[in-house]
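Student: Sequence:
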Amino acid sequence: MMEDKAEHLTDRLALDLDDGFTELVRLHAGPVHAYLYRISGSRADADDLGQDTFLRAYSALQGYSPERRRELRLRAWLMTIATNVWRNHVRSNTRRPVSVMNVEDTCDTWAEDGPGPEERAANSEDRRQLVAALSELSEKQRISVVLRHVVGMSYAEVAEVQGCPVGTAKAQVSRAMGELRQLLEPGTLKGVTM
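Taking our numbering, the leading residue of the sequence shown gets 2, the next gets one more, and so forth.
Any given hint could be a false lead.
[As the list claims (entries may be wrong)] Just the calculated beta-carbon pair ranges, DEER-fashion:
#1 LYS141 to ARG57: 20 to 28 angstroms
#2 GLN183 to GLN52: 31 to 39 angstroms
#3 GLY164 to HIS90: 17 to 25 angstroms
#4 ASN94 to SER60: 18 to 26 angstroms
Rather than coming from a laboratory, the hints here were simulated on the basis of the structure.
Just so you know, these numbers come straight off a predicted model, no measurement behind them.
Backbone N, C-alpha and C define an ideal beta-carbon position, used for all residues, glycine too.
Using the sequences and the accompanying hints, generate a full structural model.
Tutor: Following this line, the structure appears as structure tokens:
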């Protein structure tokens, strides 16, 4: 079913770039934002980086022939662009110290019909700890684990985004998950009391 949607979307992009791109944004804006939020730790950065991702995607698509647009593996292609946008952002911010993960930015607005205050506090603390733990991982490990376990990409797609063999992507995810487990053990996370 997912392949049918992707094939239909690549056909739309090949036939009418503007119409197809509107649908591309509609279908992929959420996953791209979720990915960028988890690797940056900041909703504001994820918003900005997401916009930049789609601007770059549109610019690239304008230069592609209809045949090339039809052959794209859109999710991996977009996540590759998002990853490069993130890496450029990190590089441009190296001159001024910036926390990779802004823990205060991880709290969601609570819905009226959502969980009660106790459950909200527990969920908020869990989220804060996970974001802090993700910030302790290397960039490659953080990107790999978020692509695999937040975005839900296959190992082949993670490998494509990371530009490495599938076995390497599997190893990166496995090592990242092991480190996350260690970091989330009580008392082991730097700067976070559990």
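Student: Now, for every hint given, state plainly whether the structure supports it.
Tutor: Now the hints, each set against the structure:
1. Judged by the Cβ atoms, the range 20 to 28 angstroms given for LYS141 and ARG57 holds: they are separated by roughly 21 angstroms.
2. The hint said 31 to 39 angstroms for the Cβ distance between GLN183 and GLN52, and at roughly 35 angstroms that hint holds.
3. For GLY164 paired with HIS90, a C-beta distance near 18 angstroms keeps the hint of 17 to 25 angstroms intact.
4. A C-beta distance of roughly 23 angstroms is found between ASN94 and SER60, which places it inside the suggested range of 18 to 26 angstroms.
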